[in-house]
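Trainee: Sequence:
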Amino acid sequence: MKKVAVALSGGIDSAVTAYLLKQQGYKVTGVFLRLTENQPPYSPSNIAKLLKIDYIELDLKDIFKKEIIKPFIETYLLGKTPNPCIWCNQKIKFGILLKEIKKMGFDFLATGHYARKIFKNNRFILLRGIDQQRDQSYFLFPLTQEQLPHILWPLGTINKEKTKKIAINIGLSLNTKESREICFIPERNYRLFLEKHAKERLTKEGKILNLEGKVIGKHSGIWRYTIGQRHGLGIRGREAYYVRVIDADKNCLIVAPRQALFFKEAIVENVNFFPFDSLKEPLYVSVKIRYKQIETKALIKPINEKKVQIIFETPQFAVTPGQAAVFYQDE
Numbered sequence: 001m002k003k004v005a006v007a008l009s010g011g012i013d014s015a016v017t018a019y020l021l022k023q024q025g026y027k028v029t030g031v032f033l034r035l036t037e038n039q040p041p042y043s044p045s046n047i048a049k050l051l052k053i054d055y056i057e058l059d060l061k062d063i064f065k066k067e068i069i070k071p072f073i074e075t076y077l078l079g080k081t082p083n084p085c086i087w088c089n090q091k092i093k094f095g096i097l098l099k100e101i102k103k104m105g106f107d108f109l110a111t112g113h114y115a116r117k118i119f120k121n122n123r124f125i126l127l128r129g130i131d132q133q134r135d136q137s138y139f140l141f142p143l144t145q146e147q148l149p150h151i152l153w154p155l156g157t158i159n160k161e162k163t164k165k166i167a168i169n170i171g172l173s174l175n176t177k178e179s180r181e182i183c184f185i186p187e188r189n190y191r192l193f194l195e196k197h198a199k200e201r202l203t204k205e206g207k208i209l210n211l212e213g214k215v216i217g218k219h220s221g222i223w224r225y226t227i228g229q230r231h232g233l234g235i236r237g238r239e240a241y242y243v244r245v246i247d248a249d250k251n252c253l254i255v256a257p258r259q260a261l262f263f264k265e266a267i268v269e270n271v272n273f274f275p276f277d278s279l280k281e282p283l284y285v286s287v288k289i290r291y292k293q294i295e296t297k298a299l300i301k302p303i304n305e306k307k308v309q310i311i312f313e314t315p316q317f318a319v320t321p322g323q324a325a326v327f328y329q330d331e
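Take the sequence shown: its position 10, counted from the start at 1, is 10 in this note's numbering, and no numbers get skipped.
Keep in mind the hints are simulated off the structure, nothing from the lab.
From the three backbone atoms N, C-alpha and C, an ideal C-beta is built for every residue, glycine too.
The reader is advised that the hints may include incorrect statements.
[Claimed, not checked] Cut-off 30 Å, straight-line C-alpha distance, at most; resulting in silico cross-link-like pairs (DSSO-like, lysine-lysine): (1) K288 with K306; (2) K199 with K70; (3) K307 with K120; (4) K306 with K65; (5) K218 with K66; (6) K66 with K196; (7) K80 with K297; (8) K2 with K27; (9) K52 with K27.
[To be verified] Here are the computed distance ranges between Cβ atoms for each label pair: (10) T296 with N272: 18 to 28 Å; (11) A198 with D247: 17 to 27 Å; (12) T157 with K52: 17 to 27 Å.
Model the full structure from these sequences, guided by the hints.
Mentor: Next up, the structure:
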């Protein structure tokens, strides 16, 4: 009997994941990662009791603070917009946790992600989950050929409604509202979080410039803004202004009318391809530069093994440094 560790988050997706794998004949153990002091929606240990599976906890709060929270703060201080959920998947769940459970003798790590994988031409390929509204492949793009053989995503082949029905059938309450926020910011406000955890390092007010370099206002700290932001600038005029550039070195914002925030090209670093190791020639793809964005067609050109140029078929609004660009072909 194959042994699988299921990362229990305290939500229904991971609970149903554990249930389905037990039904499929795996020896299932629930693993709860204590990453912060925040409490999960449901007690993971109670979920394990309900499912009659073994249960262990791993305290990774110090590692999480070092690998996720600290870089999150640093990225905002650099005038960029971080994506900590992607970092957590890469470094914590499918990094440290996967290594730990393999040491314990488990064959697989399973999570409640809505994603799939196939093995084709001697490569593991990441695929979208069949539920297009819930597909989470965007957050899993950094996974490697070494990690993928040891990962299971049983929810990738069902939709959310079926997950909810299964949860009800096994006795889980659906009363708790699902959280799609950053797990270590329960107040849902990253600015308050930065003020609490990095107050002494936050930049103070600075200049707001237009595209001609003219000072047209003052900002209250660059960390309060992201590319494409309109609110909070305090600039009056005949047309609305949006943040186009965040210059951390000069502690200034450059703003422009909305039409000036559409970009035809972008450079992407640290690329990870699933069908092959590196891109050798230009390739037509669909691309997402935000999780909930509708995909757009683009041509990607190799610059080197880990860097590509994107040429969008349709110029994209507010291409933001620090965010992920994820490429798709078909599934």
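Trainee: State for each hint whether it applies.
Mentor: Hint by hint, here is what the structure shows:
With a C-alpha separation of about 18 Å, the suggested pairing of K288 with K306 holds against the 30 Å cut-off. Among the hinted pairs, K199 with K70 is consistent with the structure: their alpha-carbon atoms are about 13 Å apart, no more than 30 Å. For the hint linking K307 to K120, the alpha-carbon distance of about 24 Å falls within 30 Å, and the restraint holds. A threshold of 30 Å between alpha carbons decides the hint, and for K306 with K65 the separation of about 27 Å falls inside it, so the pair holds.
A C-alpha spacing of about 33 Å is found between K218 and K66, which places the hinted pair above 30 Å, so the restraint is violated. Proposed proximity of K66 and K196 is supported: the alpha carbons are some 17 Å apart, at most 30 Å. For the given pair, K80 sits about 25 Å from K297 by alpha-carbon distance, which is consistent with the 30 Å threshold. In summary, the hint linking K2 to K27 is supported, as the alpha carbons are separated by about 6 Å, within the 30 Å threshold.
Note on K52 and K27: the hinted pairing holds, with a Cα-Cα distance of about 11 Å set against a maximum of 30 Å. Remark: the range hint 18 to 28 Å for T296 to N272 is upheld by a beta-carbon distance near 20 Å. Between A198 and D247 the C-beta distance comes to about 19 Å, which sits within the given range of 17 to 27 Å. A beta carbon spacing of about 24 Å between T157 and K52 agrees with the range 17 to 27 Å that was offered as a hint.
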